[in-house]
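Visitor: What follows is the residue order along each chain.
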Amino acid sequence: MLVIGENINASNSKVAEAIANRDEEFLAHLAKAQASAGANVIDVNAGSGHGSLERAIADGKWLIQVVQAAVDKPLAIDSDSAEVIKAVLKEYTGERPLINSITAEPERLESIAPVVAEREASVVALAMGAEGIPPKVEDRLAACERIMEHLAGLDIEPKRVLFDPLVLPIAVDTSQGMVTLRTIEEIRSRYPDAGVVMGLSNISYGLPKRKLVNRAFLLMAAYAGLDAVIVDPLDTKAMSLIKVADMLTGKDPSCRAYLRAHRKGDIVD
Amino acid sequence: MPENMIDQIRENVIQGRVSSDDEGMEEGMAGQPGVTELVEQALESGVPIRDIVSKGLSGGMDIVGKKFEAGEYFIPDMLASAEAVGAAMDILQPRLAKSGIKTKGTVIVATVKDDLHDIGKNIVTILLRGAGYVVKDLGNNIDTQVIVDAVRDEKPEFLGLSALLTSTMARMEDVIRSLEENGLREQGKIIIGGAPVSDEFARSIGADGYGADGFQAVAVVEALTAEET
Chain A
1 MLVIGENINA SNSKVAEAIA NRDEEFLAHL AKAQASAGAN VIDVNAGSGH
51 GSLERAIADG KWLIQVVQAA VDKPLAIDSD SAEVIKAVLK EYTGERPLIN
101 SITAEPERLE SIAPVVAERE ASVVALAMGA EGIPPKVEDR LAACERIMEH
151 LAGLDIEPKR VLFDPLVLPI AVDTSQGMVT LRTIEEIRSR YPDAGVVMGL
201 SNISYGLPKR KLVNRAFLLM AAYAGLDAVI VDPLDTKAMS LIKVADMLTG
251 KDPSCRAYLR AHRKGDIVD
Chain Z
1 MPENMIDQIR ENVIQGRVSS DDEGMEEGMA GQPGVTELVE QALESGVPIR
51 DIVSKGLSGG MDIVGKKFEA GEYFIPDMLA SAEAVGAAMD ILQPRLAKSG
101 IKTKGTVIVA TVKDDLHDIG KNIVTILLRG AGYVVKDLGN NIDTQVIVDA
151 VRDEKPEFLG LSALLTSTMA RMEDVIRSLE ENGLREQGKI IIGGAPVSDE
201 FARSIGADGY GADGFQAVAV VEALTAEET
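Heads up: the protein sequence lines correspond to chains A and Z, in order. Each residue of the first sequence is one higher than the one before, starting from 1 at the first, in our numbering. Each residue of the second sequence is one higher than the one before, starting from 1 at the first, in our numbering.
One chain only, chain A, in its complex shape:
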């Protein structure tokens, strides 16, 4: 399972403060901590500049420089805005960035997909269009289809696409766990070369003991075909379960990775 470290995100108030104060030490440390905890990719989201595009771009450029100087890992350029993604990518010197994200919304496809093509980037593709997150499996798959068609037109191979099936809170609609799981299964069978990525925290919104719910859902999604996860790599229990999931789904020959982690004392129950 590919682990995408989620901690450098301006929606966390401490990170937002560190970006505003240009606190290089705090952010470099957060990047290094995630890398040494086993993150394969570090997600970098500098926020939206409180509505000011100039500030969002300035923050994004500064932050990407800090993070890429701190760690030798691929970075995910994470923003709602195509302009911010384009500007930040210019500062990024790594080989294959992960762009987070596109949707089936025509504007977003047309503005971001060419950048993906040009930089030979990988891209997170959200299974939604302009109407928000579809509550039904078939509508999420229709969004995936529109995205795939558009990307194929730009010669972007399926293996560079990480689909996000999207997760709505189970507290609000108890059918949503299965909607996400079935979407993962369908994406797997329709686009066998593409990857499937998911964030863990949305499922448990509004419930007590959220981490327990998140971890249980991670295991179910692993069975359905998940192969990347956006997670807090400093959560040792979640990271242990990712190793377990890989082992139980036959992705860890001779259980080597699990046992290696155990011998290092990294497996927590």
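Don't take each hint at face value.
[What the hints assert, rightly or not] Derived lysine to aspartate or glutamate pairs resembling EDC-like cross-links, with alpha carbons at most 20 Å apart:
| no. | chain 1 | residue 1 | chain 2 | residue 2 |
| --- | --- | --- | --- | --- |
| 1 | A | 209 | Z | 77 |
| 2 | A | 90 | A | 72 |
| 3 | A | 211 | Z | 222 |
| 4 | Z | 113 | A | 72 |
| 5 | A | 209 | A | 173 |
| 6 | A | 209 | Z | 114 |
| 7 | Z | 113 | A | 80 |
| 8 | Z | 113 | A | 131 |
Honestly, the hints are just simulated from the structure, not real lab data.
With chain A held as given, fit chain Z onto it using these hints.
Guide: Same frame as chain A, but now just chain Z:
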């Protein structure tokens, strides 16, 4: 006897039971009448509609709100109770209209342009309906002009705006300025909500109120309604 029936309605709102099939918050309640059956019974026995609504339904939701604030109830508990109240209001609405009892007012709600998040707005909608307001939900990613047109056409007492993103919260101000330019700002009160929004932000853009969560949104609307009357 009527007092007892109202107590039962209130208790079943708190338990979040629409009908006799439903499990309650506590175990072993399935099979006993739920809110819809109890409301029908109360109407047959001649319990005044006003009492069913204010003491039974709203009384129950007040307690649900307190339990939610105290961390005893979670979102699914609250939604079950609101659903029970909504089902009861569907039974009562035609009779309310006939007996000339006014609703508390109309609220138009929308998530602003370029913002696709609707869970918070939907919870506020359910709770406002539960509190006895008529709510018209325009949806998410709604153009400023569409919101302005809806205010002009529907003449609501309240407009509720939602945004989850720091990049879209500025649209709330666009809506308020546009209402002013069209001479519609005095039509009704404007309340706002969403993760990046604060009381301070509400004041800075000239909104009338801010709700940090669904119950607070209802409380703010109730307080502004009381001010008016």
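Visitor: For each hint, tell me whether it holds in the structure or not.
Guide: Each hint, compared with the structure:
1. A/209 to Z/77: Distance of about 16 Å is within 20 Å: holds.
2. A/90 to A/72: 18 Å, holds
3. A/211 to Z/222: 36 Å, violated
4. Z/113 to A/72: 39 Å, violated
5. A/209 to A/173: 18 Å, holds
6. A/209 to Z/114: 32 Å, violated
7. Z/113 to A/80: 14 Å, holds
8. Z/113 to A/131: 11 Å, holds
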